[in-house]
Amino acid sequence: MTTDGGYHALGDARSGKMAANVVGFMRTLRRAGLASDASRTALAFDALRTVGLAHKSDVQASLEAVLVNQHSDLVVFRELFDAYFRDPQLANQLLAQMLPTAQGQANPSKQRARTREALSPPKPNATASKPQSETPIELDAAMTASEVDRIKHADFNTLTASEYHLVMGLAKRIKLGLPKWRSRRYRAASTGHRVHWSRLLKDSSRGHGLSPRLPMRRRQLLAPALIVLVDVSGSMERYTRLLLAFLHAATRPSAPNGPGRRHVFAFGTHLTPLDSAFALDDTDAMLESVNALVSDFAGGTKLGESLATLKRDHAQVFSGSRAIVMVISDGLDTGVPAQLQQQLQWLGLHSKRLLWLNPLLRFDQYVPAAAGAQLLHKQCDAMLAVHNVDSLTMLASSVAQLMRSAR
Amino acid sequence: MPQSIDDLIAALKEVGYFADRRLATAVFLALQLGRPLLLEGEPGVGKTELAKALSQVLARPMIRLQCFDGMEQREALYEWNYTAQLLHMRALEGQPNSSASEIERAVYDQRFLIARPLLQALQAPQPGAVLLVDEVDRADEPFEAFLLEYLGEYQVSIPEMGTVSAAHKPITILTSNRTRELNDAVKRRCLYHWLDYPDRERELAIVRARVPQAADALTAQVAQVVGQLRSMPFSNAFQRAPGIAESVDWAKALVALDTLVVDPEVIQDTAGILFKQRDDIAAMSQAFALDVLEAAAQHAQDAQYTSNTA
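From first to last, the protein sequence lines are chains A and B.
Residue numbering for the first sequence is 1 to 407, as defined by our numbering.
Residue numbering for the second sequence is 1 to 310, as defined by our numbering.
Hints are not guaranteed to be accurate.
[What the hints assert, rightly or not] Sample of chain A residues facing chain B (criterion: CB under 8 Å; computed from the structure):
(1) A42
(2) D46
(3) A47
(4) T50
(5) S57
(6) D58
(7) N69
(8) H71
(9) V75
(10) A189
(11) T191
(12) R252
[Unchecked claim] Lysine to any residue pairs mimicking SDA-like chemistry, simulated, CA-CA at most 20 Å apart:
(13) A:K172 / B:D184
(14) A:K172 / B:E181
(15) B:K187 / A:T41
(16) A:K352 / A:A371
(17) B:K187 / A:D281
(18) A:K202 / A:S190
(19) A:K56 / B:Q3
(20) B:K169 / B:Q3
(21) B:K187 / A:K352
(22) A:K352 / A:A315
(23) A:K180 / B:G70
(24) B:K187 / A:A44
(25) B:K169 / B:M1
(26) A:K172 / A:G258
(27) A:K202 / B:R74
(28) B:K187 / A:R30
[As the list claims (entries may be wrong)] Stretches of chain B that chain A covers, calculated by requiring three or more beta carbons in the stretch to come under 8 Å of a beta carbon on chain A:
(29) 15 to 25
(30) 61 to 72
(31) 190 to 200
(32) 205 to 213
Since the hints were derived computationally from the structure, they do not count as laboratory data.
Computed from a predicted structure; not experimentally measured.
Ideal Cβ positions, reconstructed from N, Cα and C, are used throughout, including at glycine.
With the hints as constraints, model all of the structure from the sequences given.
Structure below.
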């Protein structure tokens, strides 16, 4: 692949391949889940023309300013940029990108799975000629942890690009529909039910006469707190990673429909607070952090003991008393049933709604026969399924319905 | 207007702002492409200061719009001076030739318009203004939607007067502490930069420039300790790491207390300057402060060794 001038086409600015490389890079970004449209492409070229191509770091900073628009995408952008424009492997990877038949040698050692998959050659679109199957996507289909790792410790790994797309798509599509309640406090607003007398007086005194506009105030709308308790016992392993990723993306307190506060705990043989992991922007970084924090992965489930720890050490998360508590578990508890019953009663009293999300509901004939499952079934306000996309959609509408009835 | 990234770095440095090359590139692009720049980052990393520094470098007036919960359009864009309008109407009522439509036209005159920051920025005379839309994440979503016209076209619509476009495009900096996620439409109109905590060298330069009366050893120790505190996982120690503003304040406080060398007792006594959360201040025991000091010194030694051997 040489040009007329004899220069090697790839990576040689004289042969005018920069445009193709940038477009290829943007396509790779899209595959990794970073949104970039045609207007951004034009802006990226404007930026490169402005800054020039003399310094690689300037090129990277320019593309970063144009193509990234949230902090959580920065890590993936930098990894992809390094991999895509690194010199020795550049030809190989670009070949893989441009020629679907060539096998690219991605560097598997340091990159996260999402970056690797975004850089790998695109797979032929086998489904293009066939009608799309309506079969729901099972969450456990993407489980890749080896049996040995599973026994040793938690191995939530990182998400591949396709898993990332799946999770982000779910998070966008499936809104958990947490309700907002009117607070007792009022605030200034353009429309409202009450006159804002202090502001009216202030405006009037400033204007030397009664202000012609009536400032109003109304009650604030506040979302409830969300407390999630995730079972990390061995029987739950196939669901936990993607469920954590989904919850991380779908319940951001900063999101327009997010909860007021979010507290996440993992439980197995003991309780592990995961708030520090969930505070991280990047879903992969969150999973890595959860990996480091959880030490009782694939052990037994002692929900009663874990709830006692929650009550003793983290009772402040229930302040405000309107929290929605989600217990994600299959109910196969190995603890003392009496303790579990006592703790579930306490939890029910201190939350607005106590929901049991049970992946075992995938089986049509499921009955909560185990002791722990029976107690959860009895004490919780509702038992909802969380094993596939359909059930997650149902979960969202069920939560919204349950919360409406709780007002 | 700086002609290169290096020029911009040097110009910002002259006014006491130490920008790294990545940030300078984003700012340079915002200036050259005429796009708003959205700066996100933890509180105290220098987002607002950048707008102030740019205003000095470019010799443009800085207009600041501080966003807050419940902010309305009239507080950001314009409002009518109702009192003056009423007085004017009263005055016109006495004149026999004034019809109702004429009075209506007269009261919506430019002179009764009180321009708020956005309109001020659009109407600023040559060379234009630097507009800082500070903490845009604190405003409501409807306000974000209202900003779209301004961010995209540098124009606003006033129902009684029509569209007002910028004669000289204002340089617009938006800052966000990420208390909530901004709308994609706002982000699409802006260039983006995540402003991180500075590295040790940059922090040292900032503290030296801002607190010149502090001795070199003390400045170095301030940078080391603050850097060490930031590197600690907050789940184990602190809820919020100290920003650049806190380092500068701490250095000033240490100078005011005639401190020559930082020791655990001093750190504990002045923890209220570094941290603003009660739990964080309480977590800073003398034993912990000693650990921090030792780790910071070790880290500095390692860095020195690496730079010597390189």
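Identify every previously stated hint that the structure contradicts and give their numbers, smallest first.
-> 1, 9, 11, 16, 21, 32
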